[in-house]
Amino acid sequence: MSNIQPKIQHRIYEILESSNPHDFLSNLDDWGVTLLVILDVSVFIL
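In the working numbering, the protein residues as written are 1 to 46.
No wet-lab data here; the hints were simulated from the structure.
Hints should not be assumed to be uniformly reliable.
Claimed, not checked - Label pairs and their calculated CB-CB ranges:
{"id": "1", "residue 1": "Ile4", "residue 2": "Thr34", "range": "24 to 30 Å"}
{"id": "2", "residue 1": "Asn3", "residue 2": "Asp29", "range": "26 to 32 Å"}
{"id": "3", "residue 1": "Phe44", "residue 2": "Glu17", "range": "25 to 31 Å"}
{"id": "4", "residue 1": "Trp31", "residue 2": "Pro6", "range": "24 to 30 Å"}
{"id": "5", "residue 1": "Val37", "residue 2": "His10", "range": "14 to 20 Å"}
{"id": "6", "residue 1": "Phe44", "residue 2": "Arg11", "range": "15 to 21 Å"}
{"id": "7", "residue 1": "Val43", "residue 2": "Tyr13", "range": "15 to 21 Å"}
{"id": "8", "residue 1": "Lys7", "residue 2": "Trp31", "range": "26 to 32 Å"}
No experiment lies behind these values; they were computed from the predicted model shown.
Built from N, CA and C at the ideal position, the CB exists for glycine as well.
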């Protein structure tokens, strides 16, 4: 479980880095909320 979460976070960083910088800044709050939910849910699933 502890080995999978860093992989998920690494993939998330790749997605964020590939997105448009302007969109990234405007969507940062939405991403933060979404990622928190994904990480919380993934802990229960995995």
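Checked hints:
| no. | hint | in the structure |
| --- | --- | --- |
| 1 | Ile4 with Thr34: 24 to 30 Å | violated, 18 Å |
| 2 | Asn3 with Asp29: 26 to 32 Å | holds, 29 Å |
| 3 | Phe44 with Glu17: 25 to 31 Å | holds, 27 Å |
| 4 | Trp31 with Pro6: 24 to 30 Å | violated, 18 Å |
| 5 | Val37 with His10: 14 to 20 Å | holds, 18 Å |
| 6 | Phe44 with Arg11: 15 to 21 Å | holds, 19 Å |
| 7 | Val43 with Tyr13: 15 to 21 Å | holds, 18 Å |
| 8 | Lys7 with Trp31: 26 to 32 Å | violated, 18 Å |
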